[in-house]
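First to last, the protein sequences are chains A and B.
Last residue of the first sequence: 125 in numbering that gives the first Met the number 0, with the numbers rising by one and none dropped.
Last residue of the second sequence: 125 in numbering that gives the first Met the number 0, with the numbers rising by one and none dropped.
By construction, these hints were calculated from the structure, which means they are not laboratory data.
Hints are not guaranteed to be accurate.
Just so you know, same-sequence chains aren't split out, so a pair can sit in one copy or run between any two.
As the list claims (entries may be wrong) - Here are the simulated EDC-like cross-link-like pairs (lysine to aspartate or glutamate), alpha carbons at most 16 angstroms apart as the crow flies:
(1) K29 - E92
(2) K29 - D111
(3) K86 - D11
(4) K15 - D111
(5) K29 - E64
(6) K86 - E28
(7) K86 - E107
(8) K15 - D52
(9) K29 - D96
(10) K29 - E107
(11) K29 - D59
(12) K86 - E49
(13) K15 - E53
(14) K15 - E107
(15) K86 - E53
(16) K15 - E64
Computed from a prediction, not measured in an experiment: that's the story for all the values here.
Spelled out, the chains give:
Number of protein chains: 2
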Amino acid sequence: MGRIRISVYLGDAGHKLGPGKIALLEAIEKEGSISAAARSMGMAYRHAWEMVDELNRCFDTPAVEVSSGGRAGGGASLTSRGRDVVKRFRAIEGSVDRAARSQVAALEAHLDPREPSRRHSRSGGG
Amino acid sequence: MGRIRISVYLGDAGHKLGPGKIALLEAIEKEGSISAAARSMGMAYRHAWEMVDELNRCFDTPAVEVSSGGRAGGGASLTSRGRDVVKRFRAIEGSVDRAARSQVAALEAHLDPREPSRRHSRSGGG
């Protein structure tokens, strides 16, 4: 039932790598362009482009390769670095889930069972 | 160097438990009131009160006990449930850190070493 959402902060600079950037990389791999990936995620193209730019500056080699123009507009695909980052992030999520599962279950055992009406609530603060 | 920030979502309702709520509980334990805890964290009292209210509704017994008024205003302290929630969340963070450390290091090994100027950048998207 419970789940853990993680963000990884890398290096002294604290480069943030979270589920949003990873989902964008996966969408680029699937859709073949940044614009199509952004559209598929309901994300503004500019925001997607900025996330890609940040990922590309963060690592020693780019995560996303953009092929320029032509009539159909530019395509984009993941480099081996990009695929590696996705794979490692998903592996970290798996490790985290396994490591914390029993402790999360212990927290859940004390949820108030009388609160079914809060099923769809999702509050702000963490 | 790297670190992982987690948020735990509990139950079907997805009650969010993250570092912010946990730090607030710890501050209440230390400061002895919600208002002093909020002040120590630079947080609006109303926001702190809402987080406490949400925590108190979420579990089978309240996490924070508020003693009413008098001249000095009401005090607040953690119940055994509140202390248990803090302890378990910090334990989950420890497990997560141990489980993911080598994988995070593997990601960090490919950071661009030429980006010292980004030391203080902290971007939005995840």
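Hints, verified against the model:
{"no.": "1", "hint": "K29 - E92", "in the structure": "neither (21 angstroms within a copy, 33 angstroms between copies)"}
{"no.": "2", "hint": "K29 - D111", "in the structure": "neither (41 angstroms within a copy, 26 angstroms between copies)"}
{"no.": "3", "hint": "K86 - D11", "in the structure": "neither (23 angstroms within a copy, 28 angstroms between copies)"}
{"no.": "4", "hint": "K15 - D111", "in the structure": "between (34 angstroms within a copy, 14 angstroms between copies)"}
{"no.": "5", "hint": "K29 - E64", "in the structure": "within (14 angstroms within a copy, 51 angstroms between copies)"}
{"no.": "6", "hint": "K86 - E28", "in the structure": "within (13 angstroms within a copy, 41 angstroms between copies)"}
{"no.": "7", "hint": "K86 - E107", "in the structure": "between (29 angstroms within a copy, 14 angstroms between copies)"}
{"no.": "8", "hint": "K15 - D52", "in the structure": "within (13 angstroms within a copy, 30 angstroms between copies)"}
{"no.": "9", "hint": "K29 - D96", "in the structure": "neither (25 angstroms within a copy, 31 angstroms between copies)"}
{"no.": "10", "hint": "K29 - E107", "in the structure": "neither (36 angstroms within a copy, 26 angstroms between copies)"}
{"no.": "11", "hint": "K29 - D59", "in the structure": "neither (24 angstroms within a copy, 44 angstroms between copies)"}
{"no.": "12", "hint": "K86 - E49", "in the structure": "neither (21 angstroms within a copy, 38 angstroms between copies)"}
{"no.": "13", "hint": "K15 - E53", "in the structure": "within (10 angstroms within a copy, 28 angstroms between copies)"}
{"no.": "14", "hint": "K15 - E107", "in the structure": "between (28 angstroms within a copy, 12 angstroms between copies)"}
{"no.": "15", "hint": "K86 - E53", "in the structure": "neither (18 angstroms within a copy, 36 angstroms between copies)"}
{"no.": "16", "hint": "K15 - E64", "in the structure": "neither (20 angstroms within a copy, 36 angstroms between copies)"}
Hint compliance for this structure: hints 1, 2, 3, 9, 10, 11, 12, 15, 16 are not met, and every other hint is.
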